[in-house]
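Trainee: Residue-level listing of the chains:
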Amino acid sequence: MATTSKQYKAIGEDLWKSRTDKINSELFSLTYGALVVQLIQDYEDYAVVNKQLEKMGYNIGTRLIEDFLARSSLGRCSDFREVGEVAAKVGFKSFLNITPTVTHSGVPPPSARPTSTVQQSGVPGSSFILTLDENPLAEFVELPDEALEGGLWFSNVLCGVLRGALEMVQMQVQVEFLSDVLRGDESTEIRVTLLKYLEEEVPVGDD
Amino acid sequence: MAIFSLWVINKAGGLVYQRNFADGLAQLTSNEYLVLAGTLHGIHAITSRLSPTGSSSGAQVIEGETFKMTILLTATGTKFVLLTSLAEATADLVLQRVYEAYADAVMKNPFHTPEMPVRSEGFDTRITSLIGTGQP
Numbered sequence: 001m002a003t004t005s006k007q008y009k010a011i012g013e014d015l016w017k018s019r020t021d022k023i024n025s026e027l028f029s030l031t032y033g034a035l036v037v038q039l040i041q042d043y044e045d046y047a048v049v050n051k052q053l054e055k056m057g058y059n060i061g062t063r064l065i066e067d068f069l070a071r072s073s074l075g076r077c078s079d080f081r082e083v084g085e086v087a088a089k090v091g092f093k094s095f096l097n098i099t100p101t102v103t104h105s106g107v108p109p110p111s112a113r114p115t116s117t118v119q120q121s122g123v124p125g126s127s128f129i130l131t132l133d134e135n136p137l138a139e140f141v142e143l144p145d146e147a148l149e150g151g152l153w154f155s156n157v158l159c160g161v162l163r164g165a166l167e168m169v170q171m172q173v174q175v176e177f178l179s180d181v182l183r184g185d186e187s188t189e190i191r192v193t194l195l196k197y198l199e200e201e202v203p204v205g206d207d
Numbered sequence: 001m002a003i004f005s006l007w008v009i010n011k012a013g014g015l016v017y018q019r020n021f022a023d024g025l026a027q028l029t030s031n032e033y034l035v036l037a038g039t040l041h042g043i044h045a046i047t048s049r050l051s052p053t054g055s056s057s058g059a060q061v062i063e064g065e066t067f068k069m070t071i072l073l074t075a076t077g078t079k080f081v082l083l084t085s086l087a088e089a090t091a092d093l094v095l096q097r098v099y100e101a102y103a104d105a106v107m108k109n110p111f112h113t114p115e116m117p118v119r120s121e122g123f124d125t126r127i128t129s130l131i132g133t134g135q136p
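Line by line, the protein sequences are chains A and B. Here the first sequence is numbered in full-length UniProt numbering, starting from 1 and rising by one per residue. Here the second sequence is numbered in full-length UniProt numbering, starting from 1 and rising by one per residue.
Hints were generated in silico from the structure; no laboratory data involved. Note that CB positions come from ideal geometry on N, CA and C, so glycine has one too. Keep in mind that the hints are not guaranteed to be accurate.
When the alpha-carbon atoms are kept at most 25 Å apart in a straight line, the in silico DSS-like pairs for lysine-lysine are as follows [claimed, not checked]:
(1) Lys55/A / Lys68/B
(2) Lys6/A / Lys11/B
(3) Lys51/A / Lys108/B
(4) Lys68/B / Lys196/A
(5) Lys108/B / Lys17/A
(6) Lys22/A / Lys11/B
Reference excerpt, derived from the structure (chain A facing chain B, CB under 7 Å, subset only) [stated by the list, open to error]:
(7) Ile11
(8) Asp14
(9) Lys17
(10) Arg19
(11) Ile23
(12) Glu66
(13) Ala70
(14) Val169
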């Protein structure tokens, strides 16, 4: 199985190229922009809009993961660090054609863990930060002052997508924006923190 | 060389899709299929714990005298089960293609509720073009 960063990049590149139905990126940016503006008009509360964007992203993520797994044929990641690598180099690349850089942090897992059912290792609390150099969702966007003051995270749908996708593969994570160039920050950063692994529930005597 | 049947089982063990192709299997009622799928789900979970070498996936191929059952377990807990004749060599490949069709036609339909029975014409059409009558 692929372990090197170069192999992941190659897989991501292949997946992107093999997708035959690509959409015009401006149409995509325009559609997303119209969506956010409509939500702002409907809810008039930027915190609520953030939450709605995240919820929409969650619904997308729970479905998108199947497409990702079906096409990439990647197995389970062995630890949370690998999750970050795969998400950035294969996930983001194959769907958005961007490769965010990954910065890992968190306590490295101890070498001998006497757990039989947990196949992955990674201490709850470990996290990684994705730094996006470019963001196709926010291509021509400039946030007005009220949005800046209201605390809008324009691309919050991405947080939901990551949360939904990872929950389907038994990881409960917290995903949030740390900074966004749309808000005048230096870079666009998303932090993904592992809360816990969800143990598979085998129904006992299910009738 | 024949493909008899395809089952799709959700992560809770419920049968969400079942379809027969070539003749050769007994015709069962839909309730019997549900029970069989739930049983297989339980067996699959048990086999993963039976491994003498530590952690392992569940059973992937179950063979009998007249048929073979190939199981693809996805990382999301969905199981794709293909019942074929013993001679059929393409089961793994077919299952991979079925998974792709499922990811497209089923999961991407916003009106489909995940883990619920699959009622999708698009999926049926894709499966027909993939497996056809089950005979080569």
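Trainee: Each hint: holds or not?
Mentor: Here's how the hints hold up against the structure:
{"no.": "1", "hint": "Lys55/A / Lys68/B", "verdict": "42 Å, violated"}
{"no.": "2", "hint": "Lys6/A / Lys11/B", "verdict": "33 Å, violated"}
{"no.": "3", "hint": "Lys51/A / Lys108/B", "verdict": "22 Å, holds"}
{"no.": "4", "hint": "Lys68/B / Lys196/A", "verdict": "38 Å, violated"}
{"no.": "5", "hint": "Lys108/B / Lys17/A", "verdict": "20 Å, holds"}
{"no.": "6", "hint": "Lys22/A / Lys11/B", "verdict": "31 Å, violated"}
{"no.": "7", "hint": "Ile11", "verdict": "15 Å, violated"}
{"no.": "8", "hint": "Asp14", "verdict": "15 Å, violated"}
{"no.": "9", "hint": "Lys17", "verdict": "16 Å, violated"}
{"no.": "10", "hint": "Arg19", "verdict": "11 Å, violated"}
{"no.": "11", "hint": "Ile23", "verdict": "14 Å, violated"}
{"no.": "12", "hint": "Glu66", "verdict": "4 Å, holds"}
{"no.": "13", "hint": "Ala70", "verdict": "4 Å, holds"}
{"no.": "14", "hint": "Val169", "verdict": "5 Å, holds"}
Hint compliance for this structure: hints 1, 2, 4, 6, 7, 8, 9, 10, 11 are broken, all remaining hints hold.
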